[in-house]
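Novice: So the protein sequences, as listed, match chains V and R.
According to this note's numbering, numbering within the first sequence proceeds without interruption in unit steps and concludes at 386.
According to this note's numbering, numbering within the second sequence proceeds without interruption in unit steps and concludes at 386.
In short, the hints are calculated from the structure, not lab data.
One should not assume that every hint holds.
Said to hold, decoys possible - With a Cα cut of at most 25 Å, we get these calculated SDA-like pairs of lysine to any residue:
1. Lys22/R <-> Asp302/V
2. Lys22/R <-> Arg123/R
3. Lys22/V <-> Arg301/R
4. Lys22/R <-> Ala129/R
5. Lys22/R <-> Gly340/V
6. Lys22/V <-> Met121/V
7. Lys22/R <-> Arg301/V
8. Lys22/V <-> Arg123/R
Claimed, not checked - Computed list of chain V residues with no C-beta within reach of chain R, every gap over 10 Å:
9. Ala259
10. Ala269
11. Glu271
12. Glu283
13. Val331
What the hints assert, rightly or not - Not everything, but these chain R residues come out facing chain V in the computed CB check (under 8 Å):
14. Arg49
15. Ser63
16. Thr81
17. Ala297
18. Leu309
Built from N, CA and C at the ideal position, the CB exists for glycine as well.
2 protein chains.
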Amino acid sequence: MSITAAQGFRAAGATAGLKASGSSDVALVVNDGPDHHVAAVFTANRVEAAPVTWSRQVVSDGRADAVFLNSGGANACTGPRGFQDAHRSAELVADTLGCSATDVVVCSTGLIGEFLPMDRIEAGVALTAAALEVEGGSAAARAIMTTDSVPKEATSTRGGWSVGGMAKGAGMLAPGLATMLCVITTDAVVDAAVLDGALRAATTVTFDRVDSDGCMSTNDTVVLMASGASGVPVSSADLTAAVTDVCAALARQLVADAEGASHDIAVEVRSAATEPDAVEVARSVTRSNLFKAAIFGRDPNWGRVLAAVGTTGAAFDPSALDVAINGVRVCRAATIGDDRHLVDLAPREVRVVIELHAGDATATVWTNDLTHDYVHENSAYSS
Amino acid sequence: MSITAAQGFRAAGATAGLKASGSSDVALVVNDGPDHHVAAVFTANRVEAAPVTWSRQVVSDGRADAVFLNSGGANACTGPRGFQDAHRSAELVADTLGCSATDVVVCSTGLIGEFLPMDRIEAGVALTAAALEVEGGSAAARAIMTTDSVPKEATSTRGGWSVGGMAKGAGMLAPGLATMLCVITTDAVVDAAVLDGALRAATTVTFDRVDSDGCMSTNDTVVLMASGASGVPVSSADLTAAVTDVCAALARQLVADAEGASHDIAVEVRSAATEPDAVEVARSVTRSNLFKAAIFGRDPNWGRVLAAVGTTGAAFDPSALDVAINGVRVCRAATIGDDRHLVDLAPREVRVVIELHAGDATATVWTNDLTHDYVHENSAYSS
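Go ahead and model the full structure; you've got the sequences and the hints to work with.
Specialist: Quick look at the structure:
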């Protein structure tokens with residue numbers, strides 16, 4: 004169900020021939036209202052794809068009627084022609100639905116540096132528009148997959164209203180958004196400003212804290228639409244909580260499906276002076292190739308954790324650091340702690356807890372291990 | 004010859020039993036004067052090893068008589084006992100040579116989080132002191148190897164004076180020093196302040212621009228000693244040029260020997276507004292796992308170059324970027340340029356040139372590709 008779990012939305016996925024595999028590759032999500040509020044966050048990468056440039060304009064007035072997505076081509080680094088293609092995609096959707104092109108968000112994912120085959124995009128718009136249905140969420144979620152091994156969907160149902168979401172992403176996850184496309188829907192009655200605040204609060208503590216390989220994409224987009232179809236007015240706090248739940252569930256699925264990974268690693272920093280300090284320290288560990296390779300080798304190499312922590316500017320006394328890996332405090336006061344051989348790194352999920360002894364703040368950043376398969380997939384696949 | 008190419012120095016390497024392999028693992032370099040000037044740069048990592056803490060104190064007065072180095076153990080994250088062991092190593096050397104312990108620099112490299120076996124260190128001091136000779140440079144260079152496949156040595160001989168250097172390092176190379184130990188000697192007549200300036204100028208444009216995997220070690224140390232034994236007074240500019248030559252040659256050897264690498268990659272940023280901008284952009288590319296994996300796969304994936312460039316704060320117009328890989332301008336004005344199939348990525352050396360069109364500054368940062376062997380070596384070796 005995912006995005007069609009919320010009332011007032013229809014969705015579809017179809018095959019337009021963009022992927023060599025013949026899998027479905029275009030998706031359409033339509034908000035039938037009565038409200039047509041939208042909020043979105045986009046990649047912070049200054050080299051942004053044409054659909055991102057287009058969609059920033061679309062959402063700037065807080066209204067959108069539909070989101071059209073394609074896999075099989077990123078339409079990034081395609082210059083003025085790429086922007087014209089993104090604009091044209093929105094026009095095709097608008098003509099079909101009878102709305103304005105400036106109310107159609109467009110998202111693309113796939114190989115950078117190639118033009119979209121617009122004849123196939125045109126066919127894809129017609130196919131998805133014809134297939135729209137109130138149970139179409141899962142078909143849409145499948146159509147946006149690239150190297151994903153499974154579709155990602157999540158819902159949160161509250162008292163008479165719901166939030167639903169779908170996402171694609173299986174690598175190039177990084178802060179300032181994982182490389183990903185994500186569409187979230189709600190039938191709550193809220194205004195556009197509340198929607199925007201809820202989305203930013205949710206992504207800051209979920210997608211922004213997933214860091215598979217430190218690389219930030221040109222196409223990252225998270226769109227949240229509200230239809231008001233439930234008729235239930237919802238507070239900002241309740242909406243934020245529900246959107247955060249859905250984003251957290253989707254983010255966890257992204258980590259679990261990261262290309263070639265054999266471990267999902269939660270790096271939790273405790274007793275930091277501030278939350279930004281905690282995030283900075285956690286991020287430095289999740290970006291250490293040496294640490295990530297050690298986890299792949301099931302080596303509880305706490306020295307590499309400390310070496311990464313030491314590169315940060317966070318407040319801490321370097322002689323007061325503690326590190327626990329899967330419950331074993333292998334490092335106490337920055338020196339040798341409990342026997343490292345007690346650490347069991349066989350399970351897929353790994354938890355590293357770092358105590359800075361500098362305050363009360365905490366943060367957790369997720370990443371994956373660095374594996375042979377990661378290198379293989381990312382050396383063989385042009386994206 | 005390397006460090007003993009300069010007059011006034013003796014060196015030795017010996018086997019103290021620190022390495023399971025039975026290879027030589029302790030080295031001693033002695034400055035017989037008449038001058039005993041020293042300058043050094045150390046890791047910027049706040050989690051610094053005990054020998055770094057010790058040696059910072061030793062060089063603070065600009066005088067050192069000897070450098071004692073061991074492989075087979077980093078003496079990092081070893082707390083107060085580790086510092087006592089570093090101090091004790093210096094005392095053992097000082098007693099043997101008849102100098103002050105506070106004039107003995109100590110360097111260690113190897114596994115983090117284990118105490119040094121001080122009985123073997125004591126034996127190693129005696130063995131190296133007994134083996135000191137004016138042609139001992141190469142034996143010392145071999146003794147400091149860890150995962151290095153070859154020793155690294157370089158010399159620069161000028162009119163009547165010389166600079167010689169040795170280094171170890173084959174992974175964990177990062178700015179703010181590659182993870183490495185390096186000893187440089189000169190017989191030029193210079194004062195300690197000039198020595199310090201020359202060393203900092205040289206490392207900034209050499210070791211600081213080598214970035215194998217973005218990880219910064221706890222033990223990085225570069226020591227430069229001047230004996231004055233040539234009797235030739237040398238200007239600051241001439242000394243800086245010669246030290247830079249030696250550092251550049253050693254840095255290039257470190258890149259060529261990086262663990263598991265199959266390509267050496269020079270990322271050159273041109274037409275930047277400032278040199279720091281050029282370095283920031285180059286560094287963002289050398290830290291992109293996706294880009295590095297693509298080069299391993301011989302895929303001239305310029306989209307990943309642009310995606311990395313776009314994450315920086317450097318001055319440029321995102322629609323005006325050009326990228327050439329091995330001479331083929333695959334990206335012009337941030338979109339599709341010449342045929343990517345023309346790029347030959349078979350040779351080990353790869354040159355990526357990025358034009359920012361924002362000014363006249365330039366910088367080159369070296370890195371390696373991300374390979375199966377990198378993952379293998381760093382998942383199997385505790386360090």
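Novice: Could you tell me which of the hints above the structure violates, numbers in ascending order?
Specialist: Violated hints: 8, 15; rest satisfied.
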